[in-house]
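Trainee: Single-letter residue listing:
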Amino acid sequence: MASITLENVSKDYGSGVVGVRDMNLTIEDGEFMIFLGPSGCGKSTTLRMIAGLEDISTGRLRIGERDVTRAAPRERNVAVVFQSYALYPHMSVRQNMEFGLKMRGMAPADRAARIEAAADILGLQPYLNRRPAALSGGQRQRVALGRAMVREPDVFLMDEPLSNLDAKLRAEMRLELIKLHRRLGRTTVFVTHDQVEAMTMGDRICIMRDGNLVQVGKPLEVYANPVDTFVAQFLASPQMNLVEARLNGNAGAIELTSDILSFTLPRFLHAAFAKALGRAVIFGLRPEDIHAEPRPGAVPFEASVVAIEALGMENIAILALDQSGKRELSARLGRDFSASIGDRLTFYADVARMHLFDAETTRAFPRGRME
Amino acid sequence: MASITLENVSKDYGSGVVGVRDMNLTIEDGEFMIFLGPSGCGKSTTLRMIAGLEDISTGRLRIGERDVTRAAPRERNVAVVFQSYALYPHMSVRQNMEFGLKMRGMAPADRAARIEAAADILGLQPYLNRRPAALSGGQRQRVALGRAMVREPDVFLMDEPLSNLDAKLRAEMRLELIKLHRRLGRTTVFVTHDQVEAMTMGDRICIMRDGNLVQVGKPLEVYANPVDTFVAQFLASPQMNLVEARLNGNAGAIELTSDILSFTLPRFLHAAFAKALGRAVIFGLRPEDIHAEPRPGAVPFEASVVAIEALGMENIAILALDQSGKRELSARLGRDFSASIGDRLTFYADVARMHLFDAETTRAFPRGRME
Amino acid sequence: MLRVLSHLGLCLACLIVLLPILWVLRTSLVPESLSYSTSILPAVTFENYASLFADNRFGTNYMNSIIVAAGSVILAMPLAAPTGYAFARFRTSGRAGRFAVLATQMLPPVALALPIFMLYRSLGLTNSLFGLTLVYTAINLPFLTWILMGFFEAVPRDLEGAAMTDGATAFGAFVRVVLPVAAPGIAAAAVLGFIISWNEFLFALILGGPRTATVPVALAALQTSNGVEISKVSAGVSLAILPLMLASRFIQKYLVQGLSFGSVK
Amino acid sequence: MLRVLSHLGLCLACLIVLLPILWVLRTSLVPESLSYSTSILPAVTFENYASLFADNRFGTNYMNSIIVAAGSVILAMPLAAPTGYAFARFRTSGRAGRFAVLATQMLPPVALALPIFMLYRSLGLTNSLFGLTLVYTAINLPFLTWILMGFFEAVPRDLEGAAMTDGATAFGAFVRVVLPVAAPGIAAAAVLGFIISWNEFLFALILGGPRTATVPVALAALQTSNGVEISKVSAGVSLAILPLMLASRFIQKYLVQGLSFGSVK
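Residue numbers (the numbering used here), protein chains in the order written: chain S, 1 to 371; chain C, 1 to 371; chain L, 1 to 265; chain W, 1 to 265.
No lab work stands behind these hints, which were simulated from the structure alone.
The structure presented is a predicted model; accordingly, all values stated were derived computationally and were not measured.
Incorrect hints may have been included.
[Unchecked claim] Computed footprint of chain L on chain W; a stretch qualifies when at least three of its residues, placed anywhere within it, have a C-beta under 8 Å from a C-beta of chain L:
1. 110-123
2. 202-216
3. 234-245
Beta carbons are placed, not taken as given, at the ideal position from N, Cα and C, and that holds for glycine.
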């Protein structure tokens with residue numbers, strides 16, 4: 001009913017500046033869709049085009065069955081939660097929430113009922129008569145959310161709504177938004193550049209780069225099968241380690257060789273990576289797949305510890321593989337790992353979880369479901 | 001030589017608004033000190049007072065042996081890296097870096113040499129003749145850093161310098177800043193609200209709240225021994241779980257009881273927590289100390305899975321302990337953990353790593369070194 | 001010590017700046033015979049003010065000035081506000097470029113004086129407060145537009161986006177959200193427009209008659225022909241400044257409301 | 001279709017706004033005998049311009065205007081810039097409050113005319129371009145301060161902090177960083193000040209003599225006594241607008257440099 005369909009949607013700012021290029025995407029009714037990407041990738045522009053706050057240069061946009069490509073924002077029945085909150089500073093919290101209802105001609109009694117209900121859910125009752133300037137950042141965030149909620153729109157559009165909150169509040173609001181979405185069940189588009197929000201909040205992630213849609217899928221699927229090195233690196237922190245390598249051998253025994261690490265591919269990966277035989281490839285391994293203790297199937301290698309980022313709950317080690325210290329890998333190790341800077345130790349690469357990319361196109365050789 | 005000493009430093013904005021209250025702190029020569037805290041806690045104000053950009057209301061500030069409480073910024077030989085970068089927009093990158101040297105009357109040849117050296121280290125050679133507006137966010141960040149470096153100041157003051165970068169660049173710059181600090185060995189004050197930066201970059205962390213200094217110490221020490229519930233919760237994400245409880249028994253066997261979890265304290269903690277006997281306390285356990293599999297010494301308990309935040313490299317589970325779902329714990333589980341929402345499972349609390357706080361004052365009962 | 005000295009210096013500078021206006025006030029309160037005396041306040045009388053209203057019909061002049069000054073602001077504002085808003089939102093050619101557009105509307109008034117006089121005579125608008133108000137409206141427009149543009153630029157764009165998704169039209173968002181948020185700026189611009197009209201002399205002289213003379217015309221009349229009536233002039237000038245002072249207080253009222261944009265933490 | 005219609009409507013509106021000024025230009029290029037003809041361009045001549053310079057010494061008037069207008073800006077700017085900066089930085093009582101302070105400096109010029117005339121006569125400053133320049137400087141100051149304040153407010157404070165830790169004094173940071181960054185605003189303010197002085201009539205008439213008459217005075221002279229010389233007036237008005245056009249282009253130059261603050265991504 002309130003699905004969102006983008007058909008070849010582009011945003012052209014003129015004089016060669018393209019904001020969004022030929023985007024095709026369907027967001028299902030009730031889905032929580034994340035737009036993820038670095039700044040300037042077009043994710044906010046796309047959200048603003050869905051809201052009607054930015055013209056669509058070419059292409060079509062449908063919300064539900066209705067073509068809204070040229071419709072005014074007020075005709076789309078969407079609500080936007082802005083990064084800046086954009087609360088009306090001259091109105092009280094109550095008036096802020098009431099504005100949209102008033103504009104739609106709702107009767108005063110119904111307005112009051114909706115506001116009460118939203119204020120209860122969001123814990124805004126004590127602040128209803130205050131001006132936004134008299135609220136804390138977290139409270140303003142709630143008011144912005146409440147203003148969107150009372151409208152009961154078909155679609156929620158949220159443009160980095162948590163980025164002005166500090167880490168603690170952000171984690172709280174993340175959970176609250178998920179619960180709210182479950183309760184209301186409305187189609188939601190959530191723009192962020194934070195990979196934790198992307199991984200944990202959405203039904204699906206849509207990753208963008210330079211105005212192009214790069215990959216869409218469920219968070220764990222995208223994490224397990226990134227389509228290229230950009231997605232592989234963007235969706236995690238610390239990033240996936242990438243090493244230039246070459247695949248040699250035959251269907252019986254495929255050997256991966258690189259300056260730093262060489263090993264025979266596990267058998268179950270032969271089928272997936274056979275077409276990369278003889279080509280220059282990029283070998284990818286996530287930091288959590290490098291271990292300090294031996295495990296079955298893991299390939300041992302020697303490396304010097306360049307730095308340890310001790311996070312308390314875990315340690316991120318930066319490992320240098322050659323003498324120059326140019327080739328570095330990061331490894332996510334347990335909190336009990338300890339070593340001195342400069343120590344040369346043996347580590348274990350769990351190559352069964354490896355990724356493989358074409359060195360030329362940076363596109364992944366799909367490895368199928370992770371074991 | 002270039003240590004920084006704050007003696008009873010306060011910032012009073014008048015009419016009852018206090019920015020910083022009676023702060024005492026010595027930052028050693030060559031130390032990398034982190035100021036951490038939520039927004040509005042006074043950390044930036046303190047940095048600006050050290051820079052001389054904000055007047056000190058009362059108290060004394062020394063840099064090295066010199067009292068600079070009333071000295072102008074230019075007399076302090078400090079360099080500031082601003083969150084906004086604050087590059088001079090009408091000057092090229094080279095002129096930006098040259099400005100401070102020129103103001104100090106350095107000869108043109110020496111200036112050029114310094115700029116070359118800094119540009120080499122930071123990879124700014126290709127951009128020396130560009131204006132800041134023609135640079136990307138990451139490049140501007142480097143210019144801001146270079147402008148501070150060439151001056152070879154006694155002290156680097158950095159005010160959330162990485163907060164405008166996206167996650168990938170931020171992780172890179174974090175490592176680069178650490179290396180740079182090792183190479184230059186200058187006293188550095190680094191303001192942040194990001195706990196990862198705080199844990200990994202600094203020699204020591206200074207945690208502030210509402211204008212007060214709450215705790216100073218090495219990152220892992222603070223992590224292991226937070227002085228109160230605020231520090232316990234602020235320094236990690238997800239936060240430490242806190243549960244109201246009561247300690248009963250005698251020196252032979254101390255029992256902790258709460259609505260949800262009751263157990264006998266491990267012997268080695270008796271000495272530390274004996275003085276809490278019979279009092280209302282808050283029991284704290286970090287999410288990484290709750291496990292899905294049994295381990296020696298861990299206390300089993302039943303809980304329902306309310307939500308799972310699947311981050312790819314790990315899973316954060318939100319667990320409800322009673323039926324109402326009001327009492328929630330978060331647990332940091334391995335990436336292989338899988339369960340359905342609503343499942344009632346047994347989890348294991350590693351109580352040997354517990355923390356204990358006074359319910360009234362929220363101050364910790366110190367547990368000494370973590371085993 | 002340096003602090004005390006520099007404050008003393010600043011106070012002295014303030015006094016120097018204010019001295020002329022204070023001396024005018026003093027002269028207006030002193031009997032005419034003592035106007036040129038050098039003592040600070042030899043005697044106090046309100047006779048100069050009384051005579052100004054009784055003998056010189058200053059009350060009419062004052063009312064005329066209020067009507068044309070307020071009227072021109074009331075007419076100009078509904079035009080200047082949307083124009084300034086459009087300039088602020090569609091930032092074609094930058095701030096200085098937009099100023100250039102307005103600058104071309106700022107012709108030498110004296111060049112307009114005769115054409116407007118002839119036009120007005122044929123339209124029967126001379127010797128009419130409405131006609132004078134219209135001229136002042138035209139003079140005010142580019143200035144008010146420029147001032148308002150600055151205030152509208154300070155209004156975050158997201159506020160309009162919020163209003164428009166909340167159900168307002170683009171114009172509705174302007175009227176219901178942007179205008180109230182920019183209220184302090186509109187008040188400041190209104191005061192500027194009022195001052196420009198209040199002070200204008202040339203058109204008031206050319207287009208007016210005895211019935212429609214404004215304060216500046218009346219002040220000029222006191223200074224010509226039969227010598228200068230310095231006491232009355234001083235009283236008139238003191239009264240001429242009064243609305244500017246009142247307008248300032250009017251603006252303060254908006255400030256007290258403490259309307260900061262404050263929508264981001 | 002609606003789009004085309006609305007654009008046609010806008011073009012028509014532009015034409016209506018520009019028509020008077022275009023007609024003045026047309027009249028200045030048409031022989032005097034055909035001035036009141038209704039045809040658009042019956043003939044073209046530059047005689048009106050030539051006669052203006054030959055018979056009416058318009059060259060001197062023009063040069064006088066340039067000197068006093070440019071001079072007043074050059075004198076006012078070094079005072080207005082620090083004042084505007086101080087207003088922008090120490091935000092006592094808010095934007096509108098600061099405007100109130102400036103508003104009190106905007107007295108009715110006609111009230112000042114006589115005192116200044118008497119003062120100038122005793123100082124020997126009447127009939128002097130320098131004297132007129134000084135008066136215009138005083139008139140310009142509050143306006144320029146107000147305009148500049150807006151531009152200085154847009155300069156991020158951290159820039160000064162950076163300059164000051166880099167070794168500059170507070171004043172050095174203002175001169176070396178804030179002023180260059182605010183250059184487009186200073187240019188815009190300069191043009192405004194130039195226009196105010198260029199257009200001023202009252203003081204030019206009172207304080208000037210034949211030798212120091214400015215363009216507005218000359219234009220007024222063409223419109224009085226011996227009837228209106230409409231062709232010459234049109235030529236004079238066309239020339240009077242010229243510097244405003246040139247000033248606009250001058251500002252454009254600053255815009256082309258594309259100085260955006262852009263210090264944050």
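Trainee: Please verify the coverage claim for the stretch 110-123 of chain W: does it have three or more residues whose C-beta sits within 8 Å of some C-beta in chain L?
Mentor: This one holds; 5 residues, not fewer than the three required, reach chain L with a Cβ under 8 Å.
Trainee: Are there at least three residues in the stretch 202-216 of chain W whose beta carbon sits under 8 Å from a beta carbon of chain L?
Mentor: Holds: 3 residues of the stretch 202-216 of chain W have a Cβ under 8 Å from chain L.
Trainee: Closer than 8 Å, Cβ to Cβ, for at least three residues: run that test on the stretch 234-245 of chain W against chain L and report holds or violated.
Mentor: Result for this restraint: holds, n = 6.
The structure meets every hint from the earlier list without exception.
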